[in-house]
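Residue numbers (numbering that gives the first Met the number 0), protein chains in the order written: chain A, 0 to 405; chain B, 0 to 405.
Just so you know, the hints here were simulated from the structure itself, not pulled from any lab data.
Treat the hints with care, as some may be off.
The list treats identical chains as interchangeable, and a pair is accepted whether it falls inside one copy or across any two copies.
[Stated by the list, open to error] Calculated cross-link-like contacts (lysine to any residue; reagent style SDA-like; alpha-carbon spacing at most 20 Å):
| hint | residue 1 | residue 2 |
| --- | --- | --- |
| 1 | K9 | G149 |
| 2 | K263 | S71 |
| 3 | K273 | E5 |
| 4 | K273 | D399 |
| 5 | K9 | D317 |
| 6 | K324 | I36 |
| 7 | K9 | G120 |
| 8 | K9 | A60 |
Just so we're clear, the structure is a prediction, and the values are computed from it rather than from any experiment.
One letter stands for each residue in the lines below.
Protein chains: 2
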Amino acid sequence: MIRINENYTKLASSYLFADIARRVAAYVAANPSKPVIRLGIGDVTEPLPPVCVEALRAASAEMGERATFKGSGPEQGYAFLREAIAQNDYVERGCAISPDEIFVSDGAKCDCANIQELFAGDIRLAIPDPVYPVYLDTNVMAGRTGPSIGGRYQGVTYLESTAANGYVPDVPSVPTDLIYLCFPNNPTGAVATRAQLAAWVDYARRNHAVILFDSAYEAFIRDPQIPHSIYEIEGARDVALEFRSFSKTAGFTGTRCAYLVVPKGVVAYDTAGKPHSLHNLWNRRHTTKFNGVAYPVQKAAAATYTEEGRRQTRALADFYLGNAKLVRQAMGRLRLRCVGGDNAPYIWVNTGRDSWEFFDLLLNRAQVVCTPGAGFGRCGEGHVRISAFNSRENVVSALDRIARAL
Amino acid sequence: MIRINENYTKLASSYLFADIARRVAAYVAANPSKPVIRLGIGDVTEPLPPVCVEALRAASAEMGERATFKGSGPEQGYAFLREAIAQNDYVERGCAISPDEIFVSDGAKCDCANIQELFAGDIRLAIPDPVYPVYLDTNVMAGRTGPSIGGRYQGVTYLESTAANGYVPDVPSVPTDLIYLCFPNNPTGAVATRAQLAAWVDYARRNHAVILFDSAYEAFIRDPQIPHSIYEIEGARDVALEFRSFSKTAGFTGTRCAYLVVPKGVVAYDTAGKPHSLHNLWNRRHTTKFNGVAYPVQKAAAATYTEEGRRQTRALADFYLGNAKLVRQAMGRLRLRCVGGDNAPYIWVNTGRDSWEFFDLLLNRAQVVCTPGAGFGRCGEGHVRISAFNSRENVVSALDRIARAL
């Protein structure tokens, strides 16, 4: 008789964004005449940069001619893209990352979800709270946690991000093995300084731990003092992997391209204490379970690194940051404290009340969808995330409705 | 101290196709003047059907306009594609599969690799030999096998496909829980009759087992008596999942689209004996770890179901089957017994000698790349797989070279 992976039964019944979608759908069904503005899920709204559209169209044409047709490419990504990433995102920022340390994928969500497969079942996890649910849920599915008691899975070291620490958690007082960090943060929009990241790299080195650094939102950093990559910190090449994505940088949420950086120096150990290269292990995983990203999509991603592409993607991030600034100003006028929005597309609002209650209030009174903080963890209670991903017109209208509703 | 998933150390040192690529690269480097013809890896060579190119180009343009831009779509795929799949691939063949039982993905390789996550760590596996390496390797990585001894992982029931059973394995004499089947088969090209598949469905029902049916090559079936889908067998809806792909059907190996069918009736059990819907579990897995297929790619896949698209994809499969026929005829003239090639793009040649030796012989004497059967399992020894995926000119030339070399 076939049996299931019972770890799945430990999971909270459904995925946060599916919960939100259900509530919004129910509201829309009951109130068809009231248009809803979505500042919740964090999906981009503006079209692909013209260089990407042109690259997609040109590559599509190549696929239609035998001489230029592309079948299976390298699972790790085409050299033209890996080289452009290494040069533009790393070497030009002083980080010694080589093209063969870049693994191109169809999404940072997938990479964040899949990376845990490389590690033993009983390693000690350090996971932020609040947090993008994928880090935690995928470890629950893999059996690395106990059951959830009072909203927290047993056996996890939660890294609390609160108003008291400026939403940037300190290193734990206990040793842990696998540490998830995300800056600019989802959901809080907070960024980590060089000194804060250096403390994490130092902690990882002392504990023979590995940091999984999610910098999917680095394109929104405008403060020149804030690192865009963990590899700007000395010693990080030995202890950190980094997730990046074109989703928010270039509006690729419906086009699907991302990458994972696995420097050759990062190791994990077997029970005999022998080090194993994570680069080798990830390469085995990636080539066995994945078959590469569509050629036209890789061409579109590469186009973002041309001079014109860099200008267009910069303008795209600036546009959303303009929305974020309006949100922050509006929250200030409502005397709601918040963080984020200056170097990130998210604003984390300290509502001072139950976060699902505030979500329902905004939905019912202002027809605005935000994301309830409690969905991101216990420390998210009392907060909501407002996303800057929408048109200027919708953001202005949503803020106006919120001002009137509160 | 962080530790690795030590199951990875049980894996044979590298992936079959990477091994082949290395040998071919070494030969090409040493013999730059001798052009090599690849009939090995099974990658398509002919351009995308025009309807797909046009759909890709049109969707790319949509992505460039705010009004038609698509961000994150449903993780399970757009309704337009799921509905076209259900109608064309199932309902029209008399199979009661509904659109919400279809999960669109970026590759059948990924689906085949990921599906095992839903099951307990100690279920009993039945895996064909020879076989596409992904089924086995992903279960080794997940710890469902013992170490490899004499080329076979301990704890696996190998389903032997040999000349004696016409390369279609019989149901085992012992109970197993999770059964991988692939017809038309990769690597043998053999197909299973309705009666043979019915025996497997019956076995699964008697043992409360689940069948994972890989029909990525169904588009090559020309014999009207051969089922294209496991769901053509009565009772299969309760015990079988089916993998399909646009890779070989429509030349999508570089475009990336596939799907997994999870009927709502299929269950697996917890330790208390309570049944759990695999549809629910896979939906949780898919929405947590995957973010959907690129919109332009889904549009291109949907285009294969238009009248024009069906004609073009049919012609594409016919073209490769024409190559396959030439291969079979040439093997016949060389008095080499073979199977496949009539309802499949692969020809499985019984070489009567060591398969890597035969691989090297074809590479060195004929500059033709095939796939050594031993790479697919112990029963593959003595065989090679020849793929029909190449231009007519290359196939004719390769066969001519082989005839002269042998």
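Here is how each hint holds up against the structure:
no.: 1; hint: K9 to G149; result: within (13 Å within a copy, 39 Å between copies)
no.: 2; hint: K263 to S71; result: neither (25 Å within a copy, 33 Å between copies)
no.: 3; hint: K273 to E5; result: between (31 Å within a copy, 11 Å between copies)
no.: 4; hint: K273 to D399; result: neither (60 Å within a copy, 51 Å between copies)
no.: 5; hint: K9 to D317; result: neither (41 Å within a copy, 49 Å between copies)
no.: 6; hint: K324 to I36; result: within (18 Å within a copy, 59 Å between copies)
no.: 7; hint: K9 to G120; result: both (16 Å within a copy, 16 Å between copies)
no.: 8; hint: K9 to A60; result: neither (48 Å within a copy, 44 Å between copies)
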